[in-house]
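Residue strings, one per chain:
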Amino acid sequence: MKLNFRLVIFILAIGFGVFFSMPSLLNTEKGAKITLGLDLQGGLHMLLGVKTEEAVGSRMKSIAASVKHFTDHNDILLDTLSASEDEVKFAILDPDDAPAIDTMLKEIEGAVVNYSGENYALTLSAESIEKTKKEAISQAIETIRNRLDQFGLAEPTVARQGSDKILVELPGIKTQEEEQRARELISRAAKLELIAVDEDRAMRVYNMTDAQAAQYGDIILEENERPEVKYLLKEIPILDGGLLTNATVAFDQNNRPVINFALNSEGAQIFGDFTGKNVGKRMAIVLDGKVYSAPVINERIGGGHVQVSGNYTVNEANDLAIALGSGALLAPIYIMEKRSVGPSLGAESIRNSMVALIGGFALVFIFMMVYYKMAGVIANIALVANLFLILAVMSLFGATLTLPGMAGIVLTVGMAVDANVIISERIRELLYEGKSLHKAIEEGYANAMRAILDANITTLIAAVVLYAYGTGAIKGFAITISIGILASMLTAILGTHGIYNSLESKINKSKNPAFWFGISKKRLG
Amino acid sequence: MEFFKQTKTIGFMGRSKIAMIISVILVLGSYGLLITKGLNYGVDFAGGTIVQVQYTQDAPIDVMRKQLSSNAMFKGASITEFGSPDEVIIRLKTSSKDISQDVGDVTREALQGTGEFKIRRVDIVGPKVGNELREKGVMSLLLAMLGILIYVAFRFEWRFAVASIIALVHDVSIALGALALTQIDVNLDVLAALLTILGYSLNDTIIVFDRIREGITDTKSSNLSDVIDESVTKTLSRTTLTSLTTFFVVLTLFMFGGEIIHSFGFTLLVGVVVGTYSSIFVASPILMWLGFDIKNFHGKLAEKAKREAEKEKMRAQFEQGTI
Chain B
0 MKLNFRLVIF ILAIGFGVFF SMPSLLNTEK GAKITLGLDL QGGLHMLLGV
50 KTEEAVGSRM KSIAASVKHF TDHNDILLDT LSASEDEVKF AILDPDDAPA
100 IDTMLKEIEG AVVNYSGENY ALTLSAESIE KTKKEAISQA IETIRNRLDQ
150 FGLAEPTVAR QGSDKILVEL PGIKTQEEEQ RARELISRAA KLELIAVDED
200 RAMRVYNMTD AQAAQYGDII LEENERPEVK YLLKEIPILD GGLLTNATVA
250 FDQNNRPVIN FALNSEGAQI FGDFTGKNVG KRMAIVLDGK VYSAPVINER
300 IGGGHVQVSG NYTVNEANDL AIALGSGALL APIYIMEKRS VGPSLGAESI
350 RNSMVALIGG FALVFIFMMV YYKMAGVIAN IALVANLFLI LAVMSLFGAT
400 LTLPGMAGIV LTVGMAVDAN VIISERIREL LYEGKSLHKA IEEGYANAMR
450 AILDANITTL IAAVVLYAYG TGAIKGFAIT ISIGILASML TAILGTHGIY
500 NSLESKINKS KNPAFWFGIS KKRLG
Chain L
0 MEFFKQTKTI GFMGRSKIAM IISVILVLGS YGLLITKGLN YGVDFAGGTI
50 VQVQYTQDAP IDVMRKQLSS NAMFKGASIT EFGSPDEVII RLKTSSKDIS
100 QDVGDVTREA LQGTGEFKIR RVDIVGPKVG NELREKGVMS LLLAMLGILI
150 YVAFRFEWRF AVASIIALVH DVSIALGALA LTQIDVNLDV LAALLTILGY
200 SLNDTIIVFD RIREGITDTK SSNLSDVIDE SVTKTLSRTT LTSLTTFFVV
250 LTLFMFGGEI IHSFGFTLLV GVVVGTYSSI FVASPILMWL GFDIKNFHGK
300 LAEKAKREAE KEKMRAQFEQ GTI
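Here the protein sequences come in this chain order: B and L. By numbering that gives the first Met the number 0, the letter at position 108 of the first sequence is numbered 107, and the numbering carries on one by one without gaps. By numbering that gives the first Met the number 0, the letter at position 176 of the second sequence is numbered 175, and the numbering carries on one by one without gaps.
These are calculated hints, taken from the structure and not from any lab test. Source: prediction; values computed, not measured. Worth double-checking, as some hints may not be accurate.
According to the in silico footprint, chain L covers these stretches of chain B (three or more CB under 8 Å from chain L) [unchecked claim]:
| no. | region |
| --- | --- |
| 1 | 77-84 |
| 2 | 134-143 |
| 3 | 183-196 |
| 4 | 210-219 |
| 5 | 508-517 |
A few chain B positions that, by computed beta-carbon distances, are all more than 12 Å from chain L [what the hints assert, rightly or not]:
| no. | residue |
| --- | --- |
| 6 | Ser61 |
| 7 | Leu104 |
| 8 | Glu336 |
In silico lysine-lysine, BS3-like type, Cα no more than 27 Å apart, as pairs [said to hold, decoys possible]:
| no. | chain 1 | residue 1 | chain 2 | residue 2 |
| --- | --- | --- | --- | --- |
| 9 | L | Lys127 | B | Lys50 |
| 10 | L | Lys117 | B | Lys434 |
| 11 | B | Lys130 | B | Lys173 |
| 12 | L | Lys7 | B | Lys474 |
| 13 | L | Lys92 | B | Lys60 |
| 14 | B | Lys510 | L | Lys233 |
| 15 | L | Lys96 | B | Lys130 |
| 16 | B | Lys130 | L | Lys127 |
| 17 | L | Lys92 | B | Lys164 |
| 18 | L | Lys135 | B | Lys438 |
| 19 | B | Lys438 | L | Lys219 |
| 20 | B | Lys474 | L | Lys219 |
| 21 | L | Lys96 | B | Lys50 |
| 22 | B | Lys474 | L | Lys233 |
| 23 | L | Lys117 | B | Lys372 |
| 24 | L | Lys233 | B | Lys438 |
| 25 | L | Lys117 | B | Lys173 |
| 26 | L | Lys92 | B | Lys50 |
| 27 | L | Lys233 | B | Lys520 |
| 28 | B | Lys434 | L | Lys7 |
| 29 | B | Lys173 | B | Lys133 |
| 30 | L | Lys96 | B | Lys289 |
| 31 | B | Lys434 | L | Lys92 |
C-beta atoms are modelled at their ideal positions from N, C-alpha and C, and glycine is treated no differently.
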């Protein structure tokens, strides 16, 4: 056995393959490993959409809130301030206040102001609407990521897909209960509002329709724990959750979990002003459109600390604090695609595809050995090396192995051996033509090379297209096929060539081509 | 061991008319099936919902049907066995957008009291995503074919490229026809299988074409039909052998790979058989019918060689001049 450069490269490749595939095969603590796709290890995959129109609506509402705060603070009297999906309307009572209002309105980004006398109508410019929508998506991604990071699941993925979709992948989900909790955490709007109770008309709330309430610039909201209890609240909130800095879980005197949150300096200022002016009135703490409590204001509250109590379990309180602390979703999200796979199904898929892999491998293995004798054995060595190489490369890149990816590996076994069949057939042909062993090997490889290259490159083209256009699990198939083809060039072509080169004198000496190439002595003549 | 010992050339081209008739019948039949029965799009492309439930005993499908029918969410749901009697798939045409209310949870509640079960998989694909996946799927098939067309035209000649693409269309059409016939769910994995068939069938075709190219360059005869017969005969052993090994592998995948990759395996199985057939009986005759002319080709080769030689000569002169 003589060494040659091809054999050296092949041996190095085997070493590389075995060394780097070990962490994945033996599941060691250290070293780069192959990631199992959600379809194999179980987990939750979701593609979420964002209702961006609603982000524009809530922007209008928050503009209205800042108009209200400004006018309250500067003692400017307004007539009917209202906010709709795309417009904020109000009128000033004293025309002398117009300059002050104009200056304030100029500071609102993207606002388009239409006057008619004392009546103001505020809309947003097209770019500003677009920007608000875009921000809603980015903010949703950021918020969901923050919430999941704090939730403590292993390796959550949150990424933008396309221009308006959010991809969420949670491999750590094992049970339906966990999934439900994660979904609730993700989807929770966590929109906190502090809203004044309309004390003048509060008594009439049970006899009022939503439309009637709207006429007074009010809305009717239910209490969280007792939906039959209703509150008549001002439509424009005093504050919203954007001014929140921190939310933590604490316990009240009855040892029930409550959530404490802190406002930033601007929020604390507004809150202080409002409570100072409204002593004796009630203020509702509203979360996601439900009233949690509506305490009477006893005195001006400075410092900006607020407490939300409710009838939660500790888990619920924790999740709520995470959601509040990571900020509200500017716009609600909805499911465009969801795939959840239980861990037992994933394990079964692994088992099944392993059986297919081993079965297919064994069949090819035996066939090659029977049909080509030693040439088949050499091809089989290359095949094993190929498998190790695929695993090693996937481990190093941290590639994801999916169920179609497993199928890809199984298929690669069939395709990689193809190169060796082509080569062996060529060598046999040349030997029958009476060429010397050396010539038969060299010409066989040279002739086979062209066909193998063309064939592999066209398969690679299909694989690349599949990768570019495929999603999730299918991408995994494209990856294993591509790596398999490239690895097979190294093992099935270069590797086996090296082995033949080093065995050449031995084969010649043996004078037994039937043993080495499985050909009939008779036809050799 | 050897299967193919004939040293005589087999007259494939002489029988190409019969093959042609078979192919035309198969392809037209496939299109007929596609039009009349159509493909049975699964949730990936049609949108909808799938819930996979596994019972500890045989699944009580009738009881499940009764219990689910009282829930508005499961209106029009189909409930079928999946792989084994204890496993069931519930299919819905609708997909819920609501993130807080989950089909999995609803199913679990609705099936309360039907026995001990586990919900193992929930797939929801919204109509928008389904459409997008379908568009992307068709695009990927077309793009892959275009890429292959360009590559083969560049490496061989345009007639080779056209012939191989016709063979590919032939294979994919018949595979689609088989899918329409069996009404197997067409999902993303079937698309992957179709793309694999593209690559695989082309593999076979190219190896035959490579031989033909070699034969054409070496031959002194101008009869393309003879050259093709000889080349196909020479590669017959290889074509059959690799088709066999791949067939073995795909068969094990189909039989033991589990229910989830069943349709993937089936599509590939059809593809391997049709792909092998087409590389021998479809691609090569088309090459002939497209009017490939050996003399013309030789002329071009000679011209190319001449140009190369001239270039070489000029380069030599140039180098000598500078030295």
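Hint-by-hint comparison with the structure:
1. 77-84: violated (count 0)
2. 134-143: violated (count 0)
3. 183-196: Holds, because 3 residues of the region 183-196 of chain B bring their Cβ atoms closer than 8 Å to Cβ atoms of chain L.
4. 210-219: violated (count 0)
5. 508-517: violated (count 1)
6. Ser61: holds (24 Å)
7. Leu104: Nearest chain L Cβ is 37 Å from leucine 104 of chain B, so the label holds.
8. Glu336: violated (5 Å)
9. L/Lys127 - B/Lys50: Holds, at roughly 14 Å.
10. L/Lys117 - B/Lys434: Measuring from Cα to Cα gives roughly 66 Å; hence the hint is violated.
11. B/Lys130 - B/Lys173: violated (38 Å)
12. L/Lys7 - B/Lys474: violated (46 Å)
13. L/Lys92 - B/Lys60: Distance ~38 Å between lysine 92 of chain L and lysine 60 of chain B Cα, so the pair is violated.
14. B/Lys510 - L/Lys233: The hint holds at about 26 Å.
15. L/Lys96 - B/Lys130: holds (25 Å)
16. B/Lys130 - L/Lys127: OK: lysine 130 of chain B and lysine 127 of chain L at ~23 Å, within 27 Å.
17. L/Lys92 - B/Lys164: Cα-Cα ~22 Å, so holds.
18. L/Lys135 - B/Lys438: Violated: lysine 135 of chain L and lysine 438 of chain B sit about 49 Å apart, past 27 Å.
19. B/Lys438 - L/Lys219: It holds: about 24 Å lies between the C-alpha atoms, which stays within 27 Å.
20. B/Lys474 - L/Lys219: Given pair lysine 474 of chain B, lysine 219 of chain L is violated - Cα atoms ~48 Å apart, limit 27 Å.
21. L/Lys96 - B/Lys50: Status holds; Cα separation ~11 Å.
22. B/Lys474 - L/Lys233: violated (37 Å)
23. L/Lys117 - B/Lys372: Distance ~50 Å between lysine 117 of chain L and lysine 372 of chain B Cα, so the pair is violated.
24. L/Lys233 - B/Lys438: holds (19 Å)
25. L/Lys117 - B/Lys173: holds (12 Å)
26. L/Lys92 - B/Lys50: holds (23 Å)
27. L/Lys233 - B/Lys520: At roughly 20 Å apart (the allowed maximum being 27 Å), lysine 520 of chain B and lysine 233 of chain L satisfy the hint.
28. B/Lys434 - L/Lys7: Holds, at about 20 Å.
29. B/Lys173 - B/Lys133: violated (33 Å)
30. L/Lys96 - B/Lys289: holds (22 Å)
31. B/Lys434 - L/Lys92: violated (66 Å)
Hints 1, 2, 4, 5, 8, 10, 11, 12, 13, 18, 20, 22, 23, 29, 31 from the list above are not met by this structure, while the remaining hints are.
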